[in-house]
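Visitor: Numbering (the numbering used here), first residue to last: 1 to 153.
No lab work stands behind these hints: they were computed from the structure. Each hint should be verified, as a subset may be incorrect.
To be verified - Here are the simulated lysine-lysine pairs, DSS-like style, with alpha carbons at most 25 Å apart: (1) 52 - 131; (2) 32 - 79; (3) 144 - 130; (4) 32 - 52; (5) 144 - 32; (6) 145 - 131; (7) 130 - 32; (8) 130 - 52; (9) 130 - 145; (10) 32 - 76; (11) 145 - 52; (12) 52 - 144; (13) 131 - 144.
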Amino acid sequence: MTSSRYLSLLPFLIGFVPSVIHAETDYNYLGKTGYALWDCAAFASLSETEAKHFEELFAKGHEMLHAYVSAGRDGKLTKENTSEVPIGISWYFVGGPSADFSMGYMWAQFSQHAYDETFQEDLEANFDQKKELQAATAANEYRKKNCTLLLGL
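Starting from the given sequences, assemble the full structure and let the hints guide the process.
Guide: Okay, here's the thing in structure tokens:
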């Protein structure tokens, strides 16, 4: 057979070669976006004005971070595919019996961080006044972080 005959068979042969398209998961995106969503959800949970966005931010963040944590438990995370992920994720990432356990710990850390950033323990005021100030501070943090940009992702 001449080379032109082989070339004419090429499209036919390629049609029978099974091909698998494998889209690689972007763990940097999952980690960065999940972190931002839960960071915003934690501040929204403390704010009276932004509390209406808490569930959406939490649910979307949970979905992304669960995929991220599961990938970590499966050994799929590397320095290369997580180089853009905030360092806070590694501080909050713990092992345990399940991904849900890790997620619970992670949410507790996000929540505690937001609380610590917004509650002024040393302020000379009664508890109700401190809680009002905390809600206002949390709303301000929510706005400073541009959290509304994450809604509708």
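Visitor: Work down the list of hints and note, for each, if the structure agrees.
Guide: Hints versus structure:
1. 52 - 131: At roughly 18 Å apart (the allowed maximum being 25 Å), residue 131 and residue 52 satisfy the hint.
2. 32 - 79: 14 Å, holds
3. 144 - 130: Within the cut-off at roughly 21 Å; holds.
4. 32 - 52: Roughly 23 Å separates the two Cα atoms, so the pair holds.
5. 144 - 32: 17 Å, holds
6. 145 - 131: 21 Å, holds
7. 130 - 32: 32 Å, violated
8. 130 - 52: 21 Å, holds
9. 130 - 145: Holds, because 22 Å separates the two Cα atoms, which is no more than 25 Å.
10. 32 - 76: OK: residue 32 and residue 76 at ~16 Å, within 25 Å.
11. 145 - 52: Measuring from Cα to Cα gives roughly 17 Å; hence the hint holds.
12. 52 - 144: 17 Å, holds
13. 131 - 144: Judged against 25 Å, a Cα distance of about 20 Å means the pair holds.
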